[in-house]
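Assemble the whole structure, with the sequences as input and the hints as a guide.
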Amino acid sequence: MKKIYLSLITVFLISTLTYCQNSTSSPYSFYGIGSLDFKGTSENRAMGRISVYNDSIHMNFRNPASYTGKNMFSFNNEGRLVKFSVGVGHSETDLRTSNSNSETTNTSFDYLGLNIPMGKFGMGFGLIPHSSVGYKLQSSNQNSQLQYKYSGNGGLNKVFLGFAFQLNDNISVGFDSRYNFGNIQNTALEFLYDNESQPLAYQAREVNRSDLSGINFNFGLIFKTEIKNDFDLHTSFTYSPKYNLSSRNSRVFSSVIINPNTQLEYPVNEINVDLESIGLEKTDLKMPSKINLGLGVGKSKKWFVGADYSFLNSSVFSSELINIENSLFEDSRLYSLGGFYIPDYASFGNFLSRIVYRGGVYFEKTGLNINGESIKEFGISFGLGLPAGGMFSNINTMLEFGKRGTINANLVEEKFINFQLSLSLNDRWFIKRKYN
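Once you know that position 26 of the sequence shown is 26 in the working numbering, the rest is easy, because the numbers rise by one and skip nothing.
Please note that a few of the clues may not be correct.
Stated by the list, open to error - Straight line, CA to CA, 30 angstroms or less: simulated DSSO-like cross-link-like pairs of lysine-lysine:
hint, residue 1, residue 2
1, Lys301, Lys120
2, Lys120, Lys39
3, Lys403, Lys242
4, Lys242, Lys282
Note that these hints are calculated values from the structure, not bench results.
Pasting the structure below:
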């Protein structure tokens, strides 16, 4: 079984490194380092993006203190469950302005992780997306002889390694270190037409690319205690300090010939700009700190209701290369409410009774302010946890409906449907062999 786990990790790691970027078509990914991805599992997302709940058979990327816990132990520390989690996603988005609309689709690998408990200690590692860039925009002058086309792709991912320690039956603490890496490419095309509205043979193009990397840390605490009537009280706290991302930048100007049938661009007369001479070849991006608080109550293996509050100090974000007119970054806030219900967890002969039914809602102030409008997002989500074989493994589904942005101030409103499918696999490692 362990060989299967290692093979899955290798395959999905290669796949994720290849495909997890470009998981968005949002025009709002034009700003900053792109649209920030939700850094959690489909189980979290199905419950309105809460992260306060923690158990022994699902990973929780959002709080490193979850890598250990009293319920992960067994007699003589044998037979502890090792958890492996991987998820893929698909989105359908309707983009609407005051005078037009379009539809986009995206499919991506979303995350993978492995959690190994070791007595009172626990270790977790994996790969999650951090941000995604994928947009196509255009604007024209009044006489339509000049049109600007903008496009972007790329994004950032995080490789994380974390450790946790169980202080007592109620409290666990943990931290993880996260290596951020990726690249973002932004292209601006100046499209010229003649007096008969025919495109000229040569067009002007500017391509800016930034290769980004940096390390940040995340600290977590979980407190869980039993209250009257067999109810459990759950509380959680995480804190990520501010940090810097290093950026190596390049800029290329060129004339391009565009194939009218395929729209492929063929560059000629490329000029590489000497960014070093103006101090822009190597720059730093100042990234914000983040705090998350969670509170919930439930009955073990039966039901749970919880709420989360996240604060991202995104108003401190700055970059020497990113300075867009009529836009600014303000502090971001996320409010989440959700939970689950299980009809009868102990009914092993009844599949339907062991299904986990999840649901939740969230509201987010994204931290973007464009043309004087704060960009907000709202969503409602549902999900199922389907038992899959022994060792409490399960298949999880998530369906999320939401809206981002507004058509006011010449902006874009996005209505989206997100679907996520994940596997939560569990196996017993480190079992001491016994001989007669």
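Hey, lysine 120 versus lysine 39, does the alpha-carbon distance stay inside 30 angstroms? Roughly 25 angstroms between the alpha carbons, so the hint for lysine 120 and lysine 39 holds.
Lysine 242 and lysine 282 were given as a pair; does the straight-line alpha-carbon distance stay at or below 30 angstroms? holds (20 angstroms)
Is the hinted pair lysine 301 and lysine 120 satisfied, with a Cα-Cα distance of at most 30 angstroms? holds (23 angstroms)
Within 30 angstroms, alpha carbon to alpha carbon, are lysine 403 and lysine 242? Given pair lysine 403, lysine 242 holds - Cα atoms ~29 angstroms apart, limit 30 angstroms.
Going through the hint list in order, the structure satisfies each hint without exception.
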